[in-house]
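Undergrad: Spelled out from the first residue to the last, the chains are:
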Amino acid sequence: MGIHKGRIAALVLAASVVVAGCGGPASTGQGAGASGSATAGALPDAGTAPLPADFDPDATVTITYSGVPGGLDPDRVTGPGEWAYLYPVYDRLTLIDDNYDVRPMLAEKWAFAPDGKSLDLTIRQGATFQDGTPIDAAAVRTSLERARTLPTSTWRNSLKTVTAIDAPDARTVRLTLSGGGANLLALFSQPAGMVINPKAIADPNADLTRTTGPSAASGPYQATSITSGGTGKVTYTQRSDHPQYWDKAAGLIKNLTINNIPTSAQRINAARAGDSDISQITGVEVQQANGLVKGGQQPGILYPQTLTVQSLQFRSTRAPLNNPKIREAIAMAIDKKGIADSLYSGTCTVTNQPYASAHWAHSDAAEAAAPAYDLEKAKQLVAESGVPNPTFQLYFSPLYGPQTQVVQAQLAKIGITVQLTPTPTQVGGPSFDKGDFDAQWFPQTNSPDPSQMINDWYLGVTTLIPPADQARYTGIAEQAADVTKSKEQRAEILAPFWEQLAKDNYTVPICVASQVWLQSGKIDVDGMLYSWSGLNDFRYLYKRK
Amino acid sequence: MVGGRAVLRFAGLRLLAVIPTVLIVTFVVSLLVELAPGDAADALAGSNPDPALVESIRRELRLDEPFLLRYVEWLGHAVTGDLGTSYFAKTPVTELILQRVPVTLGLGAVALVIMVVLGFGLGVLGAMRPGGLLDRVVSGVSALFLAVPAFWLALVLVLLLAVQSPLFPAIGYTPFSDGAGEWLRHLLLPGLALAVNPAATIALQLKSALLSEEGSDYLLAARAKGLRHPSLLFKHALKNAAVPVVTILGFRVAVLLGGTVIIETVFAIPGLGLLAQQTAVNQDVPVILGVVTITVLIIMLLNALVDIANGFLNPKLRIGTSR
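Listed in order, the protein sequences are those of chains H and X.
Under our numbering, residues 2 to 546 are what the first sequence spells out, in order.
Under our numbering, residues 30 to 352 are what the second sequence spells out, in order.
Worth flagging that the hints you see were computed from the coordinates, not collected in a lab.
One thing to keep in mind: the hints can contain errors.
[As the list claims (entries may be wrong)] Per the computed footprint, the stretches of chain X lying under chain H, defined by three or more beta-carbons under 8 Å from a beta-carbon of chain H, are:
#1 64-74
#2 85-95
#3 181-192
#4 198-206
#5 247-257
#6 326-336
[As the list claims (entries may be wrong)] Only some residues are given here: those of chain X computed to face chain H with a beta carbon under 8 Å:
#7 Asp79
#8 Gln128
#9 Val130
#10 Pro131
#11 Gly160
#12 Ala297
#13 Leu303
[What the hints assert, rightly or not] Label-pair ranges, simulated between beta-carbon atoms:
#14 Lys414(H) x Val177(X): 36 to 44 Å
#15 Pro51(H) x Phe205(X): 53 to 61 Å
#16 Pro95(X) x Asp167(H): 26 to 34 Å
#17 Leu97(X) x Asp57(H): 53 to 61 Å
#18 Ser346(H) x Ala81(X): 41 to 49 Å
#19 Asp207(X) x Lys414(H): 55 to 63 Å
#20 Ala81(X) x Gln490(H): 42 to 50 Å
#21 Pro95(X) x Gly347(H): 40 to 48 Å
Cβ atoms here follow ideal geometry from the backbone N, Cα and C, with glycine treated the same way.
From just these sequences and the hints, can you work out the full model?
TA: Put into structure tokens, the structure is as follows:
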């Protein structure tokens, strides 16, 4: 078991003891955020987490990774693939554990006001930026204010519920909320919650995108170089004041390189040739990598990607996909199990909703509500729809060619023509968002928090739910975003949302993919944070002697 | 010397042709990017962007301004050596290109050496005994080399010499400054994959050129003086036979540079080819234009060098151009 797993287990244990002892004070609530709030205060100091006895302090580690490095500015990241390059450099306010619960990081505890109109974050004592400046409430306020207001900030939309940020004392940051906000604590585990040195923010000549060294950084590593783009890489070295760093178990590698290697086939070769210490394998190559692991040819671990759902997303405002019977027919005609078995060799778990069974927001009722595979009924629905020769254009990244060809063949059986349009992700994704194409095959990466996910995909800027149909969803979404609700309550509230989605078929979730991490013998891959998301944080990774 | 100056003048005129070529190529490329769906602001805003964010980025990048105005401004700066700043890497394009050019030129140089050694070696071997076993073997090997796509050969080389027998790295690049041995180890397989096909062309061309010299008067005279076949080949025939081969070499080097896009992708080498491919996808216009400009310059320079080499190898060309 890696250091992370052990640490999280200790956190969870401590949390449960506190919950048992206190019963959850009403003033701090028991919601997804509030449950952390109720328990977080008594969590053990991360600095006391045990160091692994066998770690190599002089280790040099190379990671080959699928994400493409852009820049190192947390507020200007263009996609989740960039996050892994920033995690070593910047500490966040929170992190997410393997149960998708929010846990403390720089925010040691938190509490929503009873009326849900504000959120107080208590900042950990003893944490410093790499130049020695203390990380206090004022510094966190400056960072969050930048994420919220910078004109080109990626996080402005996600932080729209925050109307003001104050620092009433040295350890308290108060966020004034306009309503909702249950997503915020999970959001702060992402780059939106990364804490940047206010000196770097104030420096008019500092370009955080390219800034390396200790001037802006708060995390266990400092970046020493960055090459952006495909096959780009970021190199890091342990922060110079590491013995004083608050999280002793983090940053145990002397020299770290995260190297983007564009295809999984190349990353498999890199692992087998010994060019990398650990390699991330995604997509249909997972079955090959898994075969190498099972056959004992290469060490590695298979991780289900609980939050990444291979999906068909429809533009349900445009004919013929504005016809509910056509959408239902499509959902019935796609043999999800066939796709999962044939293309993924069973490493992709069939699903009918955004969250897999391992996630607290999963609903069994929604699973049952989705149309079952039935070609005859699908043909009947197409006939009943009254749409002659239904045809639609399906965009996909070339990585998903086999999947979309199978969909095309399956829908042809019920008389629906699919025009396949392979387009690079960087162009196709934004193009779909803007209104091009009728549908897309997309690995829908969902936020650990369902309210954030709903804002991201269904009712926020991207509205996969057409405006005319939104009324039957918005009420549920608002209730689920209530910060005074526990996660169990929120799961209950959200179940009808997923159920309705499964009936309306604005998207057809296909399966929850997996990934394999191939490794050299001396690396503890199990020490990665967020192995369930694919957007990994390598802070607790280490090499054995 | 008059002939030499004429060749240089000719090469100079060829270099002058760079100006309209760069203008036409960069304009057409800019126009194509402009006509493509979406733009860099869409990609930079990430998934599910706020339209206000997209607009803000578009204004920041000045993508809301007319196309012609942006192109002319780029041109004005490019003349002064300022190729702009990458939308994505936020780095000056010249810096990005300068990072990548040594990688691609290094790969090109290794491939060139392999290509010349292999091509000339096979060509000469084939011409030593026309119709003999060696000639047939050379013809067969050359045909095989011509038939093998570079990317396929690259994959096979990786599988055999990096994965199954870990003699060479499967991916990546090490700068020359980190050690010539490691540098060469990283470039040998990609260089070989790039070089094999053009080497076959050169081998067949050289063999054919050498054989066509066979009946020449100067060779008959030399043979009458008692010179043996290898001496005839190396001392006399090779120089004349090299003229068309050098011309082809120039073209093949240009093709070889184009081939780096695929080979750099297979071996994940951070060179100019890969940069070109990725920036085209991202619609990072300043980088696209920078890469196109540099590539045009390199190829035009190579063509001029070929002209100069041909001039020195072929006296008739020197006389012809001096008139």
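Undergrad: Looking back at the numbered hints, which does the structure fail to meet, lowest number first?
TA: 5, 6, 9, 10, 11, 15, 16, 20 and 21
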